[in-house]
Amino acid sequence: MDWNLTWEAVAQAIMLGLMNGAFYALLSLGLSITFGILDIVNFAHGAMYMMGAFVGWMLLSYFGIGFWPALILAPLAIGLFGILIERTMLVRLYGLHHIYGLLLTFGMARVIEGLFRIRFSVSGQRYPVPDLLKGGLDLGFIYMPIYRVWVIVASLAICFGIWFAINGTRLGSYLRASIENASLVRAFGINVPRLVTLTFGLGAGLAGLTGVLAAPIFSVSPLMGSSIIVVVFAVVVIGGLGSIMGSILGGFALGIVEALTQAFYSQASHVGIFIAMGIVLLIKQGGLSGSTARVT
Amino acid sequence: MSVASFDSMSAELRQRRTRFWAMSAIGLVLALIAPQLLYSVFLMMALCFALFASSFNLLFGYLGLLSFGHAAFFGGAAYATGWAIRDWGFTPELGILFGGMVAGAMGLAVGVLAVRRTGIYFAMITFALAEFVYFLANQLPFTGGENGLTDVPRRAALGFIDIGTSGRLYYFILAVIALSIWALWRIVHSPFGNVLKAIHQNEPRAISLGYDVQKYKIVAFVLSAFFSGIAGGAKVLVFQFAALADVHWSNSGEPVMMTLMGGMGTTLGPSIGAFFVTALQFYLAELGEWVTIIYGGIFMIFVLALRRGVLGEAPDMIRKLRRLFTKRAAR
Chain A
25 MDWNLTWEAV AQAIMLGLMN GAFYALLSLG LSITFGILDI VNFAHGAMYM
75 MGAFVGWMLL SYFGIGFWPA LILAPLAIGL FGILIERTML VRLYGLHHIY
125 GLLLTFGMAR VIEGLFRIRF SVSGQRYPVP DLLKGGLDLG FIYMPIYRVW
175 VIVASLAICF GIWFAINGTR LGSYLRASIE NASLVRAFGI NVPRLVTLTF
225 GLGAGLAGLT GVLAAPIFSV SPLMGSSIIV VVFAVVVIGG LGSIMGSILG
275 GFALGIVEAL TQAFYSQASH VGIFIAMGIV LLIKQGGLSG STARVT
Chain B
164 MSVASFDSMS AELRQRRTRF WAMSAIGLVL ALIAPQLLYS VFLMMALCFA
214 LFASSFNLLF GYLGLLSFGH AAFFGGAAYA TGWAIRDWGF TPELGILFGG
264 MVAGAMGLAV GVLAVRRTGI YFAMITFALA EFVYFLANQL PFTGGENGLT
314 DVPRRAALGF IDIGTSGRLY YFILAVIALS IWALWRIVHS PFGNVLKAIH
364 QNEPRAISLG YDVQKYKIVA FVLSAFFSGI AGGAKVLVFQ FAALADVHWS
414 NSGEPVMMTL MGGMGTTLGP SIGAFFVTAL QFYLAELGEW VTIIYGGIFM
464 IFVLALRRGV LGEAPDMIRK LRRLFTKRAA R
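In the order they appear, the protein sequences are chains A and B.
With positions in the first sequence counted from 1, the corresponding number in the numbering used here is that position plus 24.
With positions in the second sequence counted from 1, the corresponding number in the numbering used here is that position plus 163.
Think of the hints as simulated: they come from the structure by calculation, not from any bench.
Incorrect hints may appear among the rest.
[Unchecked claim] Short derived list, chain B residues pointing at chain A, Cβ under 10 Å: (1) F231; (2) L276; (3) E294; (4) G416; (5) M420; (6) V454; (7) I457; (8) G460; (9) M463; (10) F465; (11) V466; (12) A468.
This structure is a prediction, so every number in the text was calculated from the model and none was measured.
Glycine is no exception: its CB is placed at the ideal position from the N, C-alpha and C atoms.
Input sequences plus hints: build the corresponding full structure.
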């Protein structure tokens, strides 16, 4: 345990926490949207994030397609994959207890991870930082790599973009209405099943996008999904499943909690998160955002 | 309640009891001669997982609570048993009991937090807390970190029964597991078990009938953790070590898959699932990573199409087959 930290070290930890939090926020956001509409906790969300990173890496090493096109192409690929999964499998589980969705995607995560482990083994692949985002900013008291700043900014932009799409557009209002009462929305002539399919595709695509963003920072490995999904689950429990604001705030807050714990006691990085989750559960049963499954 | 319905109820109970004893008698005979036919280490591994899955089934099958963190109890007890036997000189049966009690205590801590929520939240909370246990197992000084806790001796059971060879150990493990599964069966078919089933079927009604639902859930959780711990402790005797893989989250998935494949909410379903899955892992081991994929794929098929598991679907299948054959005969 190290209590004699300098302010520089604390500031450094907070910046690191913000960056990790950016990934947590994006992933738990995707998980939350999916749950809000489909009532399914997608255990394969981590696997889809890993697939996104691999699609980005494959585009670069097999076809020479760089980071910026990959930011569009990889989410599209993963989104289509998600739509395929929803149409062929998840559709059979609607109306059943939502535990079955979790179980199906749990099996799926194992299959996907296993396939990637056979093809790429567990060692990580390196993905270079794009030229435009190389280098760093010296703010006097801390040094910030530009790519990390980009991740934080991009994550915030995407999160608020999605928040606006759900709360400020017509399509978003259909979405919110179908969460409240799907059969009534259908009675108005809106194709709810298609809306559900697209939402799952959006959630999967978001996981893929996060994967591409993560590729230059973490090594691209088949295990990257299952190691991050644990933290994301904790974020989602704290933020309130199905709550968009809860996911975003919870993601960033937990990233900082984790990084600060790590700075004070380096082996205990994840422990801070689980202690935070325990406290929230003891004090407030519905997660910080209060109510249960609602996209707001 | 009229006398007639009371009689029919006790008749049903009697029938269920005869069926259980008949099944267990057949099972016991099979279990006693099994080492002549199959590799005894495989059998012991399957027995440990049969108890692990059965204790999970107490929560999932009868109470409807999906725990995704049972590896914490299985693995936590594995470390506790290994430590007690190796460093404190416990006899095997006391070591296993100690492991079970440590797991039960952990179950109390996790259960108090987790039963505040139901359904998907329950699964995620148990999952996250089990990860916390995994972290502890990796960091604490006595677990041996990456290497695990190794060289656990097989002392004489009760102080005088030699269980040094796998052939002898098998019967000791069989006794421990059979006793535990019988205890679980007793719990499920006791008044306490009936309250659990009532809570599963209609929680608000159970509350309005005056049952302290939270307390029942916590007790069930502790019992389930205790028996998972017995399974983990027995496993340490078989392999003579406890490792990080025992507490890893993928090990939490094992009882879930075994129970669903065998048939949740049935007495013997989880054991059948456990034997099937262990056989898959044991005899296809040379396929390496492909085992995980095949296993995950089979599990997905069960979730999509055979949700009641082998035991649940079997009566329907037999009926369908019979109808098919009688139709042919009539033609």
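For each hint, the structure was consulted:
Because the beta carbon of F231 (chain B) sits about 8 Å from the nearest beta carbon in chain A, less than 10 Å, this interface hint is met. Checking L276 (chain B) against chain A: minimum C-beta separation of about 6 Å stays under 10 Å; hint holds. The interface hint given for E294 (chain B) holds, since its Cβ lies 5 Å from the closest Cβ of chain A, which is under the 10 Å cut-off. For G416 (chain B), the interface hint holds, the least distance from its beta-carbon to any beta-carbon of chain A being 6 Å, beneath 10 Å.
The criterion of a C-beta within 10 Å of any C-beta in chain A is met by M420 (chain B), whose closest approach is roughly 7 Å, and the hint holds. Given the 10 Å rule on beta carbons, the hint for V454 (chain B) holds: about 8 Å separates it from the nearest Cβ of chain A. With a cut of 10 Å, the hint placing I457 (chain B) at the interface with chain A holds, because the nearest CB-to-CB distance is about 9 Å. Proximity of G460 (chain B) to chain A holds as hinted, the smallest CB-CB distance being about 6 Å (cut-off 10 Å).
Annotation: M463 (chain B) was flagged as interfacial toward chain A, and the flag holds, the nearest CB pair being 4 Å apart, inside 10 Å. A least Cβ separation of about 8 Å between F465 (chain B) and chain A falls short of the 10 Å threshold, and the interface hint therefore holds. For the restraint placing V466 (chain B) at the interface with chain A, the shortest Cβ-Cβ distance is roughly 4 Å, inside the 10 Å limit, so the hint holds. The interface hint given for A468 (chain B) holds, since its Cβ lies 8 Å from the closest Cβ of chain A, which is under the 10 Å cut-off.
The structure fails none of the hints (numbered hints given earlier).
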